[in-house]
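Chemist: I would like the entire structure built from these sequences, with the hints used as guidance.
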Amino acid sequence: MGSFRVLFALFSVLLLVICSNGEDPYRFYNWNVTYGDIYPLGVKQKGILINGQFPGPSIESVTNDNIIISVFNSLDEPFLISWNGVQQRRNSWQDGVYGTNCPIPPGQNFTYVLQVKDQIGSYFYFPSLAFHKAAGGFGGFKIASRSVIPVPFDPPASDFTILAGDWFMKNHTDLRAILDSGSNLPFPDGLLINGRGSNGYTFTVDQGKTYRFRISNVGISTSINFRIQGHKMRLVEVEGIHTLQNTYDSIDIHLGQSLSVLVTADQPAHDYYIVVSTRFTSQVLTANSTLRYSGSSGGISGPPPAGPTIQVDWSLEQARSFRRNLTASGPRPNPQGSYHYGMINVTRTIRLANSAPIINGKQRYAVNSVSFIPADTPLKLADHFNTPGVFTIGSMPDNPTGAGGYLQTSVMGADFRGYAEIVFENQEDTVQSWHINGHNFFVVGMDGGQWSPASRLNYNLQDTISRCTVQVYPLSWTAVYVPLDNVGMWNVRSENWARQYLGQQFYLRVYSPANSWRDEYPIPSNALLCGRAIGHHG
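Here the sequence shown stands for residues -22 to -1, 1 to 516, where the numbers follow mature numbering (1 follows the signal peptide of the UniProt record, and there is no 0).
For the record, the hints were derived by calculation from the structure and aren't laboratory data.
In this text the structure is predicted, and so the values were computed from the model without any measurement.
Check before you lean on any hint, since a few could be wrong.
[Claimed, not checked] Only pairs whose alpha carbons sit at most 27 Å apart, straight line, appear in this in silico BS3-like list of lysine-lysine:
hint	residue 1	residue 2
1	K148	K340
2	K148	K24
3	K187	K210
4	K22	K148
Modeler: This is how it looks when you write it as structure tokens:
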């Protein structure tokens, strides 16, 4: 650890010198990842802590900040952190998934160098390997607007982060063993709000003031609904996009998704339930926290407010009501609506159908019949060093094949600056959630039944939101437009973590023949090498 601290100090000094020469500001984080005892549902478990915290420390930044995060791995197995929705522009080297990065070995460290270039909004980070996400290691990631950029609402009195999601009392190694054996995970044991079960967390507000709640679903298997007793919520942001400020009594947040609401403390000065409950499950799990008015004259009264349970149509209509604020500035001082996404010619249509095949006698999950298996070398490194035999471009078909499931290190090729229509087709009776690293996409349509070219007649080509994670309802489809504007090797995955772990993912290789630093940064000097990349130099 001593040499690590010396190296980190020297690195910090170097960057501070660079910063003093007029670059965007730098923020430094020094994290130690350990195991530790946690009691999220009242029973002792072995959790993953960052600097002794569960959830981990929040990252607070401003558009264009450079963020330097030195991660020391004190676990007994390799570890990686990924940034859910925080785009690494031209820099998939920092993405923190096994397709792009070698894991941090036990007892070693890796320094992530990120820039939140032209981004605002609410996100989170999480551990991406070995089902670690079921043990903790996640935290909030907030990107505020620069002071010179107008925000379409008055500054809130305070800003709260809520990390909510399902939780299992079995530790991550037991859950991993269940999946490795070919079995399905059990039903979750409960829900958590900021690492605690019911009655574990209190948010204090002043009467008459308005507060921002940034809510992320950090669970691994279940959509959730969020609501506050006696209070309305005004939606203002979804994964970096300012929205029309519609008001909701409760709001669905699917796996891997993040959003912001404004809540005004306009009720009598009491305590009120904050409720999270599971959606689309036969058994409804619930967790409560407390909204406490300062000077509260009494505790919580009445039952917690009920929310929706299995109503798919209700959730679909709510999702369609999420619209872009066309007159608001984003990270730059120009209206979000000035980018007319619906008038750009689509260069390629990709249809992705999920399935749940049995392969070699074990439960697997697939996309277009391909169940992803990791290679012995991160794909980004193999690509950079021209290492043969690690993966094949085009091993991921553009359309469902109808074939039985098979194992493959699946990589789909894509041209830089292309504009793709991707249709996620859900042929199962469960809600799916899909994420594309390194990109935001425009959610142009979603509906029940089978997608066809005629479905395009009902696309929203005017004011839909763009985001990085989208749900696909049971026996339904969701269509998105994706500007392929970020060169690199990018993970496309199910946010249901058992499905991701058992193959429902692939990599999108966005390629530019120019080989220019304007399109993609060079391999970092501190890049970890593993597999067939050992012995190479950047």
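Chemist: Name the hints, by number, that the structure is in violation of.
Modeler: Of the numbered hints given earlier, the structure breaks none, since each of them holds.
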